[in-house]
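Participant: As they're listed, the protein sequences go chains A and B. Going letter by letter, the first sequence gives residues 17 to 285 in this note's numbering. Going letter by letter, the second sequence gives residues 53 to 320 in this note's numbering.
In short, the hints are calculated from the structure, not lab data. Please note that the accuracy of each hint is not assured.
To be verified - Coverage of chain A stretches by chain B, computed from C-beta distances (three or more under 8 Å per stretch; other residues unrestricted):
1. 121-132
2. 152-166
As the list claims (entries may be wrong) - Cβ-to-Cβ under 8 Å is the rule here; a few derived chain A residues that face chain B:
3. A170
4. M171
5. Q177
None of these values were measured; they are calculated from a predicted model. Even for Gly, the Cβ is constructed at its ideal location relative to N, Cα and C.
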Amino acid sequence: MRRPRPVTVRRLLIVAVLVLWEAVPQTGLIPELLLPSLSSTLRALIADWDKYGEALLVTLYEVSLAMLVACGAGILVGALVGGLKPLRDLLLPVFSSLYAVPIVILYPIFTAWLGIGSEAKIAFAGVYGFFPVMLSTAAGIRTIDPQLLLAARAMGATVPQQIGRVVIPASIPTVLTGLRLGGALTIIGVVVSEMLTSTAGIGYLVTRYRTILDSAHVFAAVFMILVLSILFDTFARYIERRTMVWQTAGRRERTDTADRRLTTAPAPV
Amino acid sequence: MQRLANLSAARTDAGPTAIEVAGLSHVYDGREGKVPALEDIAMTVGAGRFVVIVGPSGCGKTSLLMMLAGLRRPSEGAILCNGRPIPSPDPERVGVVFQEASLFPWLSAQDNVEFPLALRHAPRAERRRRATDMLDLVGLQGFGGRYPHELSGGMKQRVAIARGLVQDPPVLLMDEPFAALDEQTRMTMGHELLRIWSQTLKTVVFITHSLTEAVYLADEVLVMSARPGRIIDRIAIALPRPRTYDMMATDTFGRLRDRIWQQIRTAD
Ligand SMILES: Nc1ncnc2c1ncn2[C@@H]1O[C@H](COP(=O)(O)OP(=O)(O)O)[C@@H](O)[C@H]1O
Ligand SMILES: [Mg+2]
Chain A
17 MRRPRPVTVR RLLIVAVLVL WEAVPQTGLI PELLLPSLSS TLRALIADWD
67 KYGEALLVTL YEVSLAMLVA CGAGILVGAL VGGLKPLRDL LLPVFSSLYA
117 VPIVILYPIF TAWLGIGSEA KIAFAGVYGF FPVMLSTAAG IRTIDPQLLL
167 AARAMGATVP QQIGRVVIPA SIPTVLTGLR LGGALTIIGV VVSEMLTSTA
217 GIGYLVTRYR TILDSAHVFA AVFMILVLSI LFDTFARYIE RRTMVWQTAG
267 RRERTDTADR RLTTAPAPV
Chain B
53 MQRLANLSAA RTDAGPTAIE VAGLSHVYDG REGKVPALED IAMTVGAGRF
103 VVIVGPSGCG KTSLLMMLAG LRRPSEGAIL CNGRPIPSPD PERVGVVFQE
153 ASLFPWLSAQ DNVEFPLALR HAPRAERRRR ATDMLDLVGL QGFGGRYPHE
203 LSGGMKQRVA IARGLVQDPP VLLMDEPFAA LDEQTRMTMG HELLRIWSQT
253 LKTVVFITHS LTEAVYLADE VLVMSARPGR IIDRIAIALP RPRTYDMMAT
303 DTFGRLRDRI WQQIRTAD
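Using the sequences and the hints given, assemble the complete structure.
Facilitator: This is the structure in structure tokens:
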């Protein structure tokens, strides 16, 4: 028997989860209060679509700006830290340990400074997403093969040309990985801060419906966040794949038989 | 300056000279203190000659090559390339091929070869034409669209050679260009290099670990001592050209290789 392809298995798993989500609550095995069925979740979503749509726009707006902050600052600081040795020695250990701190404990401070509107959430989520972007940008720049820079210099590349034509293209794959992780954290940051203190956004809907024990509506909001995260991740991976062809494929070396076929040199004795 | 004047005055040999090095020494200021890498190197490479440098690893071969390429400044001494100093890299005067494929993995073979021309903002059509010519020269016609990861080790080094030659420099420096290749490919590539060399009339300075490769390729082999590197012997290779693989089996070939081996051994 042939083994099914991983993609097929993955799709079947998703279908299975959706079917169980619908079937198990229907049978009464798990009460609807704990797990509303897929259909009642979707019904709730459609019935209050105007509310969810409005919340989605708020969340999207905050996520977009937070991503802009995280990516912009992350790439800039990462490039400086990765490129300049004194800054690297000074800041990298600090940033690396900050990354491990649960930054969510700082959110109350953000609200104290910026209020409970969008600004605090954008700032918080921006900081949250900043670290992976910054750390991977620094790593990407630091791990560039010095041989490539040497070759560029040998060909007469000026420093700006070395940056534009070697450093940037060489670090794009690592930076993109950082953007994917940072982007995901940004979404988490926005939703979490909406859940904590806020008056709008999908995270706010989760909290509000939970306090009134309306499980179907809670799950509808959760469902939207799920879809949003998956869409972002799929998109980011697609971009990564497009730009990383050379990186992922570089591992397989070809055999050298082609060289021998190419040449008309006499055979070694 | 005094030395430079002496150098120019001393240039009285038969043919024109491509590279002249006099009184070159180099000391690295490394983390573990000063490392004397090269000591009082003097060498003259006639235009169109194929000179091979051999020596134990760490003896300063790469350092010397970097200085010939203008990539590093010697602590002391003078280098003249076609009669002029080379204070910074100039791909129109000196092309360089490194050991590992130093090709840019995000560029196709064609774009890799065009890279030095693009740095100079050469017109696109001219870039295309010259890079295509070079790929043809190294036997890679039709492979321009391939990316480095789609090429074998030998093909990558062919691209690197094409890139080194694309601005038609009179001098080509090669730092163990075939060291990472398997034995058969390495022999093939050496043979191909001789073909390219005879077609383009370049001056080649070639570094290698392989004594067979050295004798097979060279007009002259320079043997360096262990660090600090000095040139301890110059061996003219009087084998006829074009070289063939059969020559490796001859007594002359064996004697030349032995002589180099003895030199390196006693130097160590
Ligand atoms: N940038 C550097 N700083 C300090 N020491 C160096 C540097 N580059 C090379 N060296 C030292 O100089 C010596 C010669 O190196 P190299 O020219 O690479 O030798 P080779 O190419 O013959 O193996 C080695 O001992 C090496 O450790
Ligand atoms: Mg070396």
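Participant: Decide, hint by hint, whether the structure agrees.
Facilitator: Status of each hint after checking the structure:
no.	hint	verdict
1	121-132	violated (count 0)
2	152-166	holds (count 4)
3	A170	holds (4 Å)
4	M171	holds (4 Å)
5	Q177	holds (6 Å)
Going through the hint list in order, the structure does not satisfy hint 1, though it satisfies all others.
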